[in-house]
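Each chain is listed here by its residues.
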Amino acid sequence: MKKSLSVIAALALTTNAAFAAPVQITWWHGMGGANEQVINQVAEKFNAAQANCAITPVSKGTYEEALASGIAAFRSGEQPNILQVFDAGAATIISAKGATIPAEDLLSQNGHKLDRDAFIDGIRNFYADADGKFIGMPFNSSAPIMYINTDAFTKAGVAPPKTWEEFEAVAPKLKEAGYVPLVASQLTWMLFENFFSRNNIQMASNNNGYDSIEGTTLNATAPEMIAFWNKLKEWHTAGLFGFYGAGWADNQKPFEEGKVALWIGSSGSFGGLSKTATMPFSADFIPYVAAIGEGNKSSFIGGAALFAMSGKPEAENKCSADFFNFLTTTEIQTFYHQATGYVAITKAAYEASKAEGWYDKHPVAEVGIKQLLLPTGEWSKGYRLGFYPQIRAVEEREFNKIFSGETTVEDAFKAIETEGNDLLAKFAKTAG
Amino acid sequence: MTNAAQTSPGPIRRWIARATVRPEPAKRVQFDRPLLPWLFLAPQLAVIFVFFYWPSAQAISSSFYIEDPFGFGATFVGFDNYTDALGSAEYRHIASFTAIFTVLVTAFSLGLGLLLAVKADQVIRARSTYRTAMISVYAIAPPVAGLIGMMLFDQHIGPFVKLAAWFGWEMKVGLNYFDTAFAMILVSVWKQVPYNFIFILSGLQGIPQSVREAALIDCKNGARRFFTAILPLLAPTAFFLLIINITYALFDTFAVIDVMVKDKAANNPITLVYKVYVDGFRGNDIGGSSAQSVILMLVVLVLTLVQFRWLERRVHYG
Numbered sequence: 000m001k002k003s004l005s006v007i008a009a010l011a012l013t014t015n016a017a018f019a020a021p022v023q024i025t026w027w028h029g030m031g032g033a034n035e036q037v038i039n040q041v042a043e044k045f046n047a048a049q050a051n052c053a054i055t056p057v058s059k060g061t062y063e064e065a066l067a068s069g070i071a072a073f074r075s076g077e078q079p080n081i082l083q084v085f086d087a088g089a090a091t092i093i094s095a096k097g098a099t100i101p102a103e104d105l106l107s108q109n110g111h112k113l114d115r116d117a118f119i120d121g122i123r124n125f126y127a128d129a130d131g132k133f134i135g136m137p138f139n140s141s142a143p144i145m146y147i148n149t150d151a152f153t154k155a156g157v158a159p160p161k162t163w164e165e166f167e168a169v170a171p172k173l174k175e176a177g178y179v180p181l182v183a184s185q186l187t188w189m190l191f192e193n194f195f196s197r198n199n200i201q202m203a204s205n206n207n208g209y210d211s212i213e214g215t216t217l218n219a220t221a222p223e224m225i226a227f228w229n230k231l232k233e234w235h236t237a238g239l240f241g242f243y244g245a246g247w248a249d250n251q252k253p254f255e256e257g258k259v260a261l262w263i264g265s266s267g268s269f270g271g272l273s274k275t276a277t278m279p280f281s282a283d284f285i286p287y288v289a290a291i292g293e294g295n296k297s298s299f300i301g302g303a304a305l306f307a308m309s310g311k312p313e314a315e316n317k318c319s320a321d322f323f324n325f326l327t328t329t330e331i332q333t334f335y336h337q338a339t340g341y342v343a344i345t346k347a348a349y350e351a352s353k354a355e356g357w358y359d360k361h362p363v364a365e366v367g368i369k370q371l372l373l374p375t376g377e378w379s380k381g382y383r384l385g386f387y388p389q390i391r392a393v394e395e396r397e398f399n400k401i402f403s404g405e406t407t408v409e410d411a412f413k414a415i416e417t418e419g420n421d422l423l424a425k426f427a428k429t430a431g
Numbered sequence: 000m001t002n003a004a005q006t007s008p009g010p011i012r013r014w015i016a017r018a019t020v021r022p023e024p025a026k027r028v029q030f031d032r033p034l035l036p037w038l039f040l041a042p043q044l045a046v047i048f049v050f051f052y053w054p055s056a057q058a059i060s061s062s063f064y065i066e067d068p069f070g071f072g073a074t075f076v077g078f079d080n081y082t083d084a085l086g087s088a089e090y091r092h093i094a095s096f097t098a099i100f101t102v103l104v105t106a107f108s109l110g111l112g113l114l115l116a117v118k119a120d121q122v123i124r125a126r127s128t129y130r131t132a133m134i135s136v137y138a139i140a141p142p143v144a145g146l147i148g149m150m151l152f153d154q155h156i157g158p159f160v161k162l163a164a165w166f167g168w169e170m171k172v173g174l175n176y177f178d179t180a181f182a183m184i185l186v187s188v189w190k191q192v193p194y195n196f197i198f199i200l201s202g203l204q205g206i207p208q209s210v211r212e213a214a215l216i217d218c219k220n221g222a223r224r225f226f227t228a229i230l231p232l233l234a235p236t237a238f239f240l241l242i243i244n245i246t247y248a249l250f251d252t253f254a255v256i257d258v259m260v261k262d263k264a265a266n267n268p269i270t271l272v273y274k275v276y277v278d279g280f281r282g283n284d285i286g287g288s289s290a291q292s293v294i295l296m297l298v299v300l301v302l303t304l305v306q307f308r309w310l311e312r313r314v315h316y317g
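These protein sequence lines are chains P and V, in that order. If you're matching positions, the first sequence starts at 0 in numbering that gives the first Met the number 0 and goes up one per residue. If you're matching positions, the second sequence starts at 0 in numbering that gives the first Met the number 0 and goes up one per residue.
Treat the hints with caution; some may be incorrect.
[What the hints assert, rightly or not] The calculated lysine-lysine pairs, modelled on DSBU-like cross-linking and capped at a C-alpha distance of 35 angstroms, are:
{"hint": "1", "chain 1": "P", "residue 1": "274", "chain 2": "V", "residue 2": "161"}
{"hint": "2", "chain 1": "P", "residue 1": "360", "chain 2": "P", "residue 2": "258"}
{"hint": "3", "chain 1": "V", "residue 1": "263", "chain 2": "V", "residue 2": "171"}
{"hint": "4", "chain 1": "P", "residue 1": "232", "chain 2": "P", "residue 2": "172"}
{"hint": "5", "chain 1": "P", "residue 1": "174", "chain 2": "P", "residue 2": "360"}
{"hint": "6", "chain 1": "P", "residue 1": "400", "chain 2": "P", "residue 2": "172"}
{"hint": "7", "chain 1": "P", "residue 1": "174", "chain 2": "V", "residue 2": "171"}
{"hint": "8", "chain 1": "V", "residue 1": "161", "chain 2": "P", "residue 2": "230"}
{"hint": "9", "chain 1": "P", "residue 1": "258", "chain 2": "P", "residue 2": "172"}
{"hint": "10", "chain 1": "P", "residue 1": "311", "chain 2": "P", "residue 2": "96"}
{"hint": "11", "chain 1": "P", "residue 1": "172", "chain 2": "P", "residue 2": "161"}
{"hint": "12", "chain 1": "P", "residue 1": "346", "chain 2": "P", "residue 2": "161"}
{"hint": "13", "chain 1": "P", "residue 1": "174", "chain 2": "V", "residue 2": "261"}
{"hint": "14", "chain 1": "P", "residue 1": "154", "chain 2": "P", "residue 2": "172"}
{"hint": "15", "chain 1": "P", "residue 1": "174", "chain 2": "P", "residue 2": "230"}
{"hint": "16", "chain 1": "P", "residue 1": "161", "chain 2": "P", "residue 2": "174"}
{"hint": "17", "chain 1": "P", "residue 1": "258", "chain 2": "V", "residue 2": "171"}
{"hint": "18", "chain 1": "V", "residue 1": "219", "chain 2": "V", "residue 2": "118"}
{"hint": "19", "chain 1": "P", "residue 1": "154", "chain 2": "V", "residue 2": "161"}
{"hint": "20", "chain 1": "V", "residue 1": "263", "chain 2": "P", "residue 2": "274"}
{"hint": "21", "chain 1": "V", "residue 1": "263", "chain 2": "P", "residue 2": "172"}
{"hint": "22", "chain 1": "P", "residue 1": "172", "chain 2": "V", "residue 2": "161"}
{"hint": "23", "chain 1": "P", "residue 1": "112", "chain 2": "P", "residue 2": "96"}
{"hint": "24", "chain 1": "P", "residue 1": "400", "chain 2": "V", "residue 2": "261"}
{"hint": "25", "chain 1": "V", "residue 1": "171", "chain 2": "P", "residue 2": "400"}
{"hint": "26", "chain 1": "V", "residue 1": "171", "chain 2": "P", "residue 2": "232"}
{"hint": "27", "chain 1": "V", "residue 1": "161", "chain 2": "P", "residue 2": "232"}
{"hint": "28", "chain 1": "P", "residue 1": "232", "chain 2": "V", "residue 2": "261"}
{"hint": "29", "chain 1": "V", "residue 1": "171", "chain 2": "P", "residue 2": "161"}
{"hint": "30", "chain 1": "V", "residue 1": "263", "chain 2": "P", "residue 2": "413"}
{"hint": "31", "chain 1": "P", "residue 1": "174", "chain 2": "V", "residue 2": "161"}
{"hint": "32", "chain 1": "P", "residue 1": "369", "chain 2": "P", "residue 2": "353"}
{"hint": "33", "chain 1": "P", "residue 1": "360", "chain 2": "P", "residue 2": "44"}
{"hint": "34", "chain 1": "P", "residue 1": "132", "chain 2": "V", "residue 2": "263"}
{"hint": "35", "chain 1": "P", "residue 1": "353", "chain 2": "P", "residue 2": "258"}
{"hint": "36", "chain 1": "V", "residue 1": "263", "chain 2": "P", "residue 2": "230"}
{"hint": "37", "chain 1": "P", "residue 1": "161", "chain 2": "V", "residue 2": "263"}
{"hint": "38", "chain 1": "P", "residue 1": "44", "chain 2": "P", "residue 2": "132"}
FYI, nobody ran anything at the bench for these hints, they're computed from the structure.
Work out the full structure, taking the sequences as your base and the hints as a guide.
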């Protein structure tokens, strides 16, 4: 980076500053495959739209690897200008004050204005501080939604469920029709974290962790949660719920093959699923528990945000700010939303896609955003929990144990709470 | 520190001293300039320092701190990271799996390598074809081996799963702890057998024909001849392979495990070194992860001492 800068500087001198060379900035992200191509296109669009800055996106593997690389690079002073950090890593980077420049400050320092209200509600809080100031720049956001194998429902002669009670009623008929009624990928995100949001139940003390990292505890053993998972376990035993381990694809594959009636996946899965599914499908919100009486609230967002790393020269920060501003334009938002299946994060991009008739052609693409636009409950704004990637690993371990019969639901959630609280306490020590 | 080490040499130093002195050739080549040997050693010493001593020192120092991931502040916590790790039931569970995994992988890959080498040594027709076929598996990189394993054991399309189902075994690799452990051990062994095969085969070919013939005159029982004459002569090779295989099972199986658990350890069996990675790189818990790697370093140190002090004495170098 420094070398290329000095080369540029030398070049600029020799050409007598006839052409001002663009300021180079780097962007590390955790996307691969088709989504990486789209990121490259976004970068090209930015570079073509102005001449002062040139951004170079670099894929660092998965979300976790991108965060780990960013941290390692920061420690040795080689950090990129912009780092993509995923939902579960939000607390790690946001609590590290001084590692990043809050997105909102960066924009205002460089003459841009960030309009918080332009963003969709569910997206506004997740990467913001307790006062609502944007620390991260929301980028690719997704919601967990329920995909529906329409053939299965026609054959069974029933309607797709809106609530878990309705699911319980129709599931045996789907089974009789020869389908596995329900399968879900990444239970941590789908049926744990978003069980809290969809049913408006507190997930952690200290306002879901937003108010303080000191003394935050997990509310994993909420009675509603235990009751629901006992149902899930019951359904698994009765052959109404299929579970094939913590791997995402292992649970998606049987749905693609048309063996499963309902699959809970990401709204971002839509693009890939359109190519791989062997049967027609539609989608709807993840069910909620009607008996709790709070249900059908918006879900937490998943996906990732972009963070401007500190310790960079002013000129480069200016470019990062320009790029963030560029990303919020309706044109780019609409492009990104339609090319990837991630939800539109600004209201304007949503309206633009609607006006274009995009959702008439692709109704599934609207489900995630509609779910995020549902009324927000007190507890569906988001969570801010340190070492959350590790807590997720504990959840994954215990969920596997539940379905392989090694533990009971009660013990599993007790273990998640105990080990989760230990990790939260440890995080408070490191960050404090 | 250095003085103390010199006055009472540790077991490894003593071993090194013995090993370097033992061959004692008739004419000993001496460097007449004291600096020259150090110059030759310098690149190797630099590599060891940069890639071993320095990171080890870093790991030891950070294992006594808890630190925020970005390195803004570290708090000294003494042995807390160690007691946290050793006190956790999960960690002890992983440690015992690692022990079982290491014993099984080492035993099976050495045993199978030995069996195949002994048999291949006796093949006369098309021997090089057989040997190439055996050795070629070694060219497969561990992540690729893991990928192949993952496909063979896929719950939906895996041929091995279908085969097992035929015998009434409903395999659920990725969900069932035992099934996943079975698949991991199988793939790890499969990957290591060719390596052992190459060494044992060359060891076998190093046994003089005259010794074999003398043994044949003394004893006509093939199996007994193998155990009393051939195997002792293979001991140096076997000892070397034992160390290499234990190291392989402890550390080099990382890629196989990573691919087979698909980045989600959940309740699947993992080894200690994978746990270091999960906590350090995925969980950003640098202190805890450093403490675990120091524990692992100590385990390997003890293992090496045991091997050289107890086992090596029984090896006959001929």
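**Prompt:** Taking 35 angstroms as the top limit, are the C-alpha atoms of residue 174 of chain P and residue 360 of chain P close enough?
**Reply:** holds, 31 angstroms
**Prompt:** Are the Cα positions of residue 232 of chain P and residue 261 of chain V separated by 35 angstroms at most?
**Reply:** Holds - the C-alpha atoms of residue 261 of chain V and residue 232 of chain P are around 24 angstroms apart, at most 35 angstroms.
**Asked** Between residue 132 of chain P and residue 263 of chain V, is the straight-line Cα distance small enough, at 35 angstroms or below?
**Response** holds, 33 angstroms
**Message:** Given the hinted pair residue 174 of chain P and residue 261 of chain V, is their Cα-Cα distance within 35 angstroms?
**Reply:** Holds, because 29 angstroms separates the two Cα atoms, which is no more than 35 angstroms.
**Item:** Straight-line alpha-carbon gap residue 161 of chain V to residue 232 of chain P, limit 35 angstroms
**Value:** The hint holds at about 26 angstroms.
**Prompt:** Are the Cα atoms of residue 346 of chain P and residue 161 of chain P separated by 35 angstroms or less?
**Reply:** Answer holds: residue 346 of chain P to residue 161 of chain P is near 25 angstroms, not above 35 angstroms.
**Request:** Given the hint that residue 263 of chain V pairs with residue 230 of chain P, test it: the Cα-Cα distance must not exceed 35 angstroms.
**Result:** It holds: about 25 angstroms lies between the C-alpha atoms, which stays within 35 angstroms.
**Request:** Starting from residue 258 of chain P, check that the Cα of residue 171 of chain V is at most 35 angstroms away, please.
**Result:** The hint holds at about 18 angstroms.
**Message:** residue 232 of chain P and residue 172 of chain P were given as a pair; does the straight-line alpha-carbon distance stay at or below 35 angstroms?
**Reply:** holds, 19 angstroms
**Asked** Between residue 174 of chain P and residue 161 of chain V, does the CA-CA distance stay at or below 35 angstroms?
**Response** holds, 23 angstroms
**Request:** Could you grab the alpha-carbon distance between residue 400 of chain P and residue 261 of chain V and see if it respects the 35 angstroms cut-off?
**Result:** Measuring from Cα to Cα gives roughly 17 angstroms; hence the hint holds.
**Message:** Hinted pair, alpha-carbon criterion (35 angstroms max): residue 174 of chain P, residue 230 of chain P. Please report holds or violated.
**Reply:** Within the cut-off at roughly 17 angstroms; holds.
Consistency note: the structure conflicts with none of the earlier hints.
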